[in-house]
Amino acid sequence: MEYVVSILKKFPLTVFALVILTMPFWFPWIGGYGGLATKIMIWALFALGFDILLGFTGYLSFGHAIFFGVSAYATGLMFKHFSDEIIPAMIVAVIVGTLASVIIGYLTLKKSGIYFSILTLAFGEMLHSSALSTFGGFTGGENGLTLPDMIPSMLGIEMRGEVMFYMTAAVLILGYYIARRISDSPFGLILKAIKSNQERLEYTGIDVQKYKLGAFVISAIYASVAGSLMVVYEPYVGTEYLRWSTSGNLVLMSVMGGVGTLIGPIIGAAFMLYFENVLSVPLGEEWLLVLGLIFMAIVIFLPGGFTDGFKLIYKKLIGKKPDGEEK
Amino acid sequence: MNYLFLQVLTGLQISALYMLIALGLTLIFGTLGVVNFAHGALFMLGAYFAVVISDAFGFSVALVSVPILLFIVGIILERGLIRFFYERSHTDQILVTFGLAIVIGEVLKTIYGANNLPFAKPSWGSGIVKLHEYLPFLEGFVAYPKWRLILVVVSFSTVAALFLLLQFTRFGLIVRAGMRDSQMLAFLGVNITRRFTIVFGIGAVIAAIAGLFGGPITQVEPELGMKLLIPSFLVVVVGGMGSLPGAVLASLLFGMALSFTAKYAEIQQIIIYLLAVVILLVRPRGLMGKKGLME
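In order, the protein sequence lines correspond to chains A and B. Under my numbering, think of the first position of the first sequence as 1, with each following residue one higher. Under my numbering, think of the first position of the second sequence as 1, with each following residue one higher.
Among the hints, a few may not be true.
What the hints assert, rightly or not - Computed from the model, here is a short list of chain B residues facing chain A with C-beta under 10 Å:
no.	residue
1	PHE84
2	GLU87
3	ALA114
4	ASN115
5	LEU117
6	PRO118
7	ALA120
8	VAL236
9	VAL237
10	MET241
11	LEU244
12	MET256
13	LEU258
14	ALA262
15	GLN269
Note that these hints are calculated values from the structure, not bench results. This one's a predicted model, so the numbers in the text were calculated from it and none came from an experiment. The beta-carbon is built from N, C-alpha and C at its ideal position, and this holds for glycine as well.
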């Protein structure tokens, strides 16, 4: 047991990559299927980026559906009007998502965290309702943006099935590597300092606003890549991509997995999609109720989420005190 | 003249519902310091109770019992859940109340299904009022749905009652003092915890009133809570968090804006968000927010 954990600690990225890349082999054993694995990769990427904002700075955004949705629409429109090649579509989508995040981040990251949560929620609903009506001509309105008979491809290779899975998995592994580098960098340290004591950080002469915006934009770039990949995976843009429920699901999975750990939100994303698609069969219509109760229990009793739970269990197993040494 | 009058009336009617929900939100934030994402769900619970009870026993029974029921629900929630979150971060408060909102919505969905429940107005509240018979300055025939007028009257009466309660009673005095400095008040030997529990209950009662009178004009379905929570939160932020007059002012502003842009659906869909962004950019603390709070 301790040996396993020591390997995990020494080669986190290698272990992570191995687990992800072998997913097509072990995932069907527990009731999963290929398409779900790809979807998990996409949501994991979304949640991973979100952790750089929520986990590091402590700013709870209820509007990350904006970047996911806006970039999904941008990708869809590129496919529709330009070509089925994914590289230009994804580049445009990420640029659009990034620009949106700079503007919205500038407007919402004023001072208080509550202010931020409510305003991001409001911005999300504004874009959602404008996609439904105001810009209905571009977005397909209530029906979403349909792309009939579209098979996106990269340099002529069709993006479906296994190819799509490995492409998404590669993006996720790269994303995880970058996030870890950010976490260990001076920039990451300042973000974590914002969470613990923003006021004190300001007194040291650091322009906190700039760092918060930086974290916000980075998390939005992750969200944009995820949103764009979603349309590559499934060439259709649903109106719910922009809806508050998408942001809400993101918050649910991040918190359940454990914020601030990078791996936690990935576990949370996998858990939630697995729950929604596999465990919902025995649970029936009430699966979201069960999920809501699990979420509340975690917020109340285990604010560190699953990752904290694993740590506690591990320490129980090897007989250390829960607050024992760890690194 | 007629046109203008009707637009203003419609604006009042739209703002009436926002006002009721925002009032509870801002009251709870101002006193307990809790950002309650489950407030929309409380309103929805009020609407569902109102439908079920008035179908079974008539609206007058619902009128009495729903506020009492919601008061009890409010007390149970505050004692059983919310009070453990006073010492935790705002983020945790938002998270736990968000989870609560999902759970309440899903429970209602499991029991009553995802579809809209029809809410029959009581006979004394249906039909129209011929306004030109009462208001001589209106020309020709001007009629307005009676229930919507009742909603406006109820809403403003609730605001007035809450204002009187906070401004002119001993209970109100203690609560207002508690909003300033609850620790000091506790040192003086006042049982502030019990008052705060009651304040949460009052917030739930206002949500119940909103559900009783707002239910018939909105749809009673499990998404209702979140649908109204978002604009109501904007009302609270634009008015200034924790400020009751601010919530009233901001809801009037939003109601009028929605009413006067009704002809242009593209603008109406986003007008309150645009207003909120502009106001908060110019004045981050909101229209009547206290200095230093939320700036």
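Verification of the hints:
1. PHE84: Interface hint status for PHE84 (chain B): holds (7 Å vs cutoff 10 Å).
2. GLU87: 13 Å, violated
3. ALA114: 9 Å, holds
4. ASN115: Violated, because the Cβ-Cβ distance from ASN115 (chain B) to chain A comes to roughly 13 Å (cut-off 10 Å).
5. LEU117: This interface hint is violated because 17 Å lies over the 10 Å limit.
6. PRO118: 22 Å, violated
7. ALA120: Violated: closest Cβ of chain A sits about 27 Å from ALA120 (chain B), beyond 10 Å.
8. VAL236: Hint on VAL236 (chain B): holds, closest Cβ of chain A at ~8 Å, below 10 Å.
9. VAL237: 5 Å, holds
10. MET241: 7 Å, holds
11. LEU244: 18 Å, violated
12. MET256: The hint is violated - MET256 (chain B) has no Cβ within 10 Å of chain A, the shortest such distance being about 19 Å.
13. LEU258: For LEU258 (chain B), the interface hint is violated, since the closest Cβ of chain A sits about 12 Å away, which is over 10 Å.
14. ALA262: At about 13 Å, which exceeds the 10 Å cut-off, the nearest Cβ of chain A leaves the hint on ALA262 (chain B) violated.
15. GLN269: Holds. Min distance 4 Å.
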